[in-house]
Amino acid sequence: MTTLDFLFLLSLSTVLILLLFGRRPMAGWFAVAAYAMQLIMLLAIWKGFSGDISVPSSFHFMIQGHQLHWGMNGLGWFFALITIIAAMLTSAFSAGEWGQQQKNMHLQHVAMAVNVFAMLLLLSSMDFLSLFIGWELVSWAAYLMMTQRGGKAADAAFRYLLYAMAGAMMLLTAIVLINVRIHSFQFEAFWDALPVLPSALLWTISLLFVGAFGIKMALLPFHLWQATAYSETPGAGAAFLNAIAARMGLFALLIVLLKPIGMERLQILAMPLFAFIDAQSLLLWLAALTAIIPTFIALQQTDARLLLTWHGIGQGGFMLLGLAVGTPMGIAGGLLHILNYASYQAALFLAVTAVIYRAGTADLDRLGGLITRMPWTFIVLLMGIIGLAGLPPMNGFVSKWLIYKSLMDANMPMLLVAASISTLGTILSVYKLIHNIFLGQLRKAHFTLKEAPLSMIAPMLILVLIAFVTGAMPGLALTIVDAAQAALGYDLLPHHLGGITWPSGSLNMLWVTGILFYGIGIGAVIFLFLGNKRHVTHQWDNYAGGHFLSAKTPYQYSHNFYPGLMRIIGGWFGQQVLNIEMGLRHFAKLLSEVFYDSYQVVYASLYLVAALVVTLALIVKG
Amino acid sequence: MIGPVLLIALPFLGAFLLPLVYQHYLRAAYWAAPMVVITNLIIALALWFGVSMVGPQSLLMGGFAAPLGITYYIDHLALLFIILLLAGSLSLWLGAWHRRLQEEMLTLLLIGSGTGMALSGDLFNIYVFFEIMAVASYGLTASRRHCGQSFAASLRFLIVGALGSSMLLLGIALIYALTGTLNLSHLAVLAPELLHGTTGLAAFAFMLIGLGVKAELFAVNTWVPEVYAHAPIRVIALLGGFVSKLAMLIIVRLLLLLYAGSDAYLILLGFGALGLLTAEFAALHATDLRRILAYSSMGQLGLIAIAFSIPGEAGLIAGVALAAHHAVAKPALFLLIENWGGHWQKLSGAVKVAPLASVIFLIMTLSLIGVPPLPGFWAKLLLFQAGLTAGGIFNWAIVLIVLTTLIETAYWLRINRQLFQSENNQPPVNIPPDRELWPAALLLVLLLLISLNIGTISDELTQMAYHANDTETYIKHTLPMWQTGE
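Here the protein sequences line up with chains A and B, keeping their order.
Per the numbering used here, residue 1 is the first one in the first sequence, and the count goes up by one each step.
Per the numbering used here, residue 1 is the first one in the second sequence, and the count goes up by one each step.
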């Protein structure tokens, strides 16, 4: 028994115990404890691997002469760490009051545990067959989590599953194509063969891989399913899915294609007919488009959950952008962004869930002014959006800085512009998010609202604290990133506690944070001690734009936010991809009707006669 | 060697003696038919181990040497399908609540003729057994009393079946005209010269259509939804699960022995691909649960046909794996829906009243879709492997399979959603307790056992395919005076 075996066993027994006893009142806290134990076991694995040497699992079997085996290296560990912490904190969120209000908490607990188990299995896969098994399990586990609420959620989950199956079939085709060529399902054999694979085959395989894994991470043009599916999932589960589930696609893409050896090959793999485009640029631009378009779709949303999930898709593009640059700094930036994003996105989603718990809606047109009622949730959301927008002092800034920097160093100015456009969209829409929920005037219906209970506030605060600490001291997170980067085979990015020292420009977040708080401190001193005395009025006794506002004319410009911007860019949202999807669905429906009608018993004789005539004609001719 | 003879003779004997037993010893009669099947199963298993030890064996019927006499050839491929048929029909006896002479007789006839067909090495002999099997299945499908639709469906089945049989006969006649022999191993020797022309291929097409009626191949499978919608559940499970595979086995034998190296595989591929495409899409549109199962079954057989059409051992392995998997998964589904007939949307919230049945349904459908680590996935993997290795036109077949897998996922999952999630808080559907649960649960256990032992089983399959593909051994065993190459 190795440490990894223990981790698997722990995870599996968590599933089983929750399945059997998940209805008990304390099941939620049990789940938290179980994830904590898994976390400890995971930390015990940390010492076991170095470079691309992994901690093996003693569970393996042979089929048709191919070995399936599992083991965890630094890359898998990095993702597993995020997974387990996300599961632990979101479970803590649901263990208290929130979970008691849910109708099917038992299923939610089980689904979460199944997801964690499936992801651990996927993250430890050591060959293509185990990768595929893990991949399918993760897909179905995510479906289980999304579909629980029924109704709209189940519809969205169903759509997801069809996408996921398409991806799975692409993956299966790709790995079988590889096996046909190199007679092995082992990763190492594939990497060894990568430099000599014929271009046509490599294009096919790469496109299949990018399609398969891109569906999971909602890469353009496979992005349609994710926003509705994730946002319809019950709160805690949705936070978990948002934080890490879609990143499984990145993990898989990293281990199969984006190791240095694969990256070198992609860089010289010219596109047929358009030789000036290589596979790497194609991937980069796909990532850039994914970073831009969904972000601006997010800007249009009026539901807080949808807004966040659309951002999740865009940030996924950002991560891929960094990873696909393929330099040590790009890889470090992309990986770090995965970790950072998980911390603040989970916090944001939990904060929105807390708002829904109290106010009953996440509709941005029906909220406002909650800052006076839910101050802690406000602080969480504020810190979260600073991270999401990529501003100091939160950790989102560090990873985005690394990605920008890597694009600059790699001489990709156009992509840098694309990344900046994406960030602009993010800043605009996260402002909309915080304004419409917490700022402005409180609605009458919300006068009696209370702050969310401690059991919900605490996990959110822990998450944003992680986001803050790893922002001020990115060296902590970069140490973990190092292990993942080493497992991939890239050079490590030299770093210290506060950031990195780099020839073309260094970053020390300790300084940045220090100066920021110094400035805030001066501001606070001026505001508190040097200004006039504070005079608090009722919020409806106010004025805006030179007009006095009263209870009769509340100030709440939340509906139709950014009308000017929308007038300019609104016409570009043509929903072409949606139309294609709808077209495919209708085509399938049409085909099914035609074929269904063709199965009439009386036709059989007709077919037989036709077949007879044709065959006899052939005989006569022959 | 008496085993193979008993294997065929016992069920026939049983079938003809059963009325007498029923008249005189009613108590014993209840056990007579199952005992015959159990005896046969024991013999078949003994033969299986025999073949494992000493390799394939042959038997000259009546002592006349081939090509004049009729030879039987016993290898793992044939035995596998026979064991499936026997074990399957035995499991169908489990939990049966009313025993009826007529059905038991016909089932025994079906078993006897199916076994004979699988073992026989003579085309005309195969035809005779095929006809007996066909007649028995017409009778069985009509055996649900007081059901006009059932009679009508089986009458239509009879018409299509009769047309198909005449096609088969036409094909056999063409072969006889071309070669002057009907012994399979003799034909195998002569085939490369005489049968690989247009006429020979036409003969194959005719035989394919004829056998295709039972194998649920495209264009002659239109009887399937009609019959499956009205016939007794156990009969459907038997026909769709096991008898169809026996017909497929004959097609494979013909392809391997007579048409290896010719273009015949393209014909099978075409029928298979068309069947897969049309049936899976039709299943998406169907609303009646029994019909959905029928279309899915036709689609799966199309898939099996595609697998068998891939030249070489890899295709054979994939085909056998798919066929065996389907023979386990589909009967279980059929058995579950005894009380679930009608529109699939009526099943809303069935998990609350029939939890075990719903779980069995879920697992079986997941396996059919090919979700790892269930056996259906490994079968599909083998198929992908074989298809992409063969390349060329088979690449397109794989594209088609990918597409239809999506369709399959859509319609199976749609039903599972209905089972496990009751929308709008409707009261759960009223399902009476299911008698057919025992055999279905048994098949589920079997499925799970297979997924646990998948490594060993795939090795066995490889071995089996190697022997089945070995035409020379077949000829050497059944036609001692004709040595190949002379």
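Treat the hints with care, since some could be wrong.
Said to hold, decoys possible - If you want the footprint, here are the derived chain A segments under chain B, 3+ residues with CB under 8 Å:
no. : region
1   : 52-63
2   : 141-154
3   : 352-363
4   : 608-615
Read the hints as simulated data drawn from the structure, not as lab findings.
Just so we're clear, the structure is a prediction, and the values are computed from it rather than from any experiment.
Cβ atoms here follow ideal geometry from the backbone N, Cα and C, with glycine treated the same way.
Status of each hint after checking the structure:
1. For a cut-off of 8 Å, the count of residues in the region 52-63 of chain A with a CB near a CB of chain B stands at 3, and the three-residue condition holds.
2. With 4 residues having a Cβ less than 8 Å from any Cβ of chain B, the region 141-154 of chain A passes the three-residue criterion, so the hint holds.
3. For the region 352-363 of chain A, the stated coverage by chain B is violated: 0 residues have a C-beta nearer than 8 Å to a C-beta of that chain, whereas at least 3 were required.
4. Using a Cβ-Cβ cut-off of 8 Å, 4 residues of the region 608-615 of chain A lie near chain B, which meets the minimum of three, so the contact claim holds.
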